[in-house]
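Protein sequences, first through last, are from chains S and V. For the record, in the first sequence the residue sitting at position 257 is 258 according to the working numbering, with numbers rising by one throughout. For the record, in the second sequence the residue sitting at position 223 is 224 according to the working numbering, with numbers rising by one throughout.
Each hint can be trusted.
One copy or two, either will do: identical chains are not told apart, so a pair holds if it fits within one copy or between any two.
Subject to a maximum C-alpha distance of 27 Å in a straight line, what follows is the list of computed DSS-like cross-link-like pairs (lysine-lysine): (1) LYS134 / LYS199; (2) LYS272 / LYS251; (3) LYS184 / LYS199; (4) LYS199 / LYS122; (5) LYS122 / LYS7; (6) LYS248 / LYS278; (7) LYS296 / LYS278; (8) LYS122 / LYS140; (9) LYS248 / LYS296; (10) LYS251 / LYS296.
It should be emphasised that the hints constitute simulated quantities derived from the structure, not laboratory data.
Number of protein chains: 2
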Amino acid sequence: MQVNMKSVKVLAPATIANLVCGFDVLGLAINNPRDVMEVRLKDEPGICIHHKDEHGLSTEPSQNVAGVSLMAMVEEVSNAPGFEIIIDKRIKPGSGIGSSSASAAGVVVAANHLLNNRFSKEDLVRFAMAGEKLASGVKHADNIAPCINGGVTLIRCIFPLDIVRLTAPPMYVTVVHPQIEVKTSDARQILRREVQLKDAIKQWGNIAGLVAGLMHHDYGLIGRSLEDVIIEPVRSILIPGFDLVKKRSKEVGALGGGISGSGPSIFMLSKDENVAKQIEYVMTEIFFALGIEFKTYVTTVNYEGVQVIESSDASELPE
Amino acid sequence: MQVNMKSVKVLAPATIANLVCGFDVLGLAINNPRDVMEVRLKDEPGICIHHKDEHGLSTEPSQNVAGVSLMAMVEEVSNAPGFEIIIDKRIKPGSGIGSSSASAAGVVVAANHLLNNRFSKEDLVRFAMAGEKLASGVKHADNIAPCINGGVTLIRCIFPLDIVRLTAPPMYVTVVHPQIEVKTSDARQILRREVQLKDAIKQWGNIAGLVAGLMHHDYGLIGRSLEDVIIEPVRSILIPGFDLVKKRSKEVGALGGGISGSGPSIFMLSKDENVAKQIEYVMTEIFFALGIEFKTYVTTVNYEGVQVIESSDASELPE
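Excised from the complex, chain S in its bound form (with noise of 0.2 Å):
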């Protein structure tokens, strides 16, 4: 098996889940920022990790969730060969942008590319997953699979995995990332267990609107949709100027948004670009006077997912 040297470069998207109305089973790819991942096979069985970043993140597979998603996939393969995981992380971890998803779906998208991809999407979700788990303690698939897929994505289902890909008009995303801490696990413990039945009602109305105004490429059906009286109300508390940040936005001219993921980053839907370089400025203006550090994306939808930018020839590739 002459595979030395046969190597593959890919772009992993940032995601945002929930998509504020989608709680645990929506989610959307942007176009920046994008993490930058080689992976080369080598002679040699096993995983090693190098990272270009300051991110100090575990070279050790195991403890990293590049490492453990692919050991998921190598699981799955006969006579595997070794890879070699180059990592440029350029989605800050504990952004809420789905820094960990992109470096699990970027993995498996690029050995998979090496191993003649062999595996369906479906699959790489399955092994992304398990690298997911390492970083958030729950295996979910929201920022997975739009990471894997691009544009917006729906898990209709976990157990068995039924992933649907939503079509979507044309929409620029501006994202600040205020320099606080949410950790995950937090965010999640502070949810109630049980909600109102009247409220959950409000949110399927919500959600069923919002992947109809997605489909019908209607902006203001999207924008009305945009609301979520369930898990917002309380996660938002951990998010300084979150209020703020949301009805400015509104009044220059956000369809909407809300927290991305468990935050703590703050992401808005436009139509146009103008409006999204608007909110850019209501966001820097307010993260600004609350003295809290702070990055703003200014972006569109992803819709094609992990991308591979360079390989090398695969001719010799073990079948």
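Dock chain V against the given chain S, drawing on the hints supplied.
Just chain V, lined up with the frame of chain S:
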């Protein structure tokens, strides 16, 4: 105002509220049964009601769903004429397939036709909801909206009213109405006011899947999404034979189905007429064995809503 003798005759379809996972927000119109209603203009103000059926419903406008709905409309018409309503109700009251909604929707569409369609469909839903409140004690629109609009409708929000028409592929609908009494108010009272968050998440995953399946014409996804983990487990106890009807209908090819509205009718969706008829046979066998009288319908999705089938010349009507 020479408006005497102007009249219109309409067909008002039965409707299936909730559609399994869309409690209080989704509804579907079907082609059989349909009420036949005639509405005539009178010279003198006031509303009078006649029944051509044997259901013994009130002829007192304020105690009749059609009467109350029309009174709500008349309140917004200056110099309103009088109306005579002749109802031939083919949708049995208490069947759970939108009998009261058909009265409410039918009369307002007919009267609006006589008034040169001065009101929008949203207005008509609003008037008909006043009548619906008389029947069920609650202002809801999940039967009214599909009865007026046809097809599948989403009530994204009730205050303010936001109705979304969803596209839907051709489908057969098999309905069994066991002749037992389940009062809407009782069926509502046995529901828990709080639900598990994890169940609510399953439910909104399913409603999102159902909306996507309907819009993509993806019968498989529609079938997988027709699951209700919140309402059905509680309400189905009131309907003898429910579990068996569901199990055996799926065995013969039903996409899925459940309780129609608050019951006691049960409905099943299918792609083919042949399957729809096999489901009817399954239902017949089960209720025959249970010794419960019943009625079945094999029908299709109604796409037009309340339909005007006869109309006298309206040229002399007041603007």
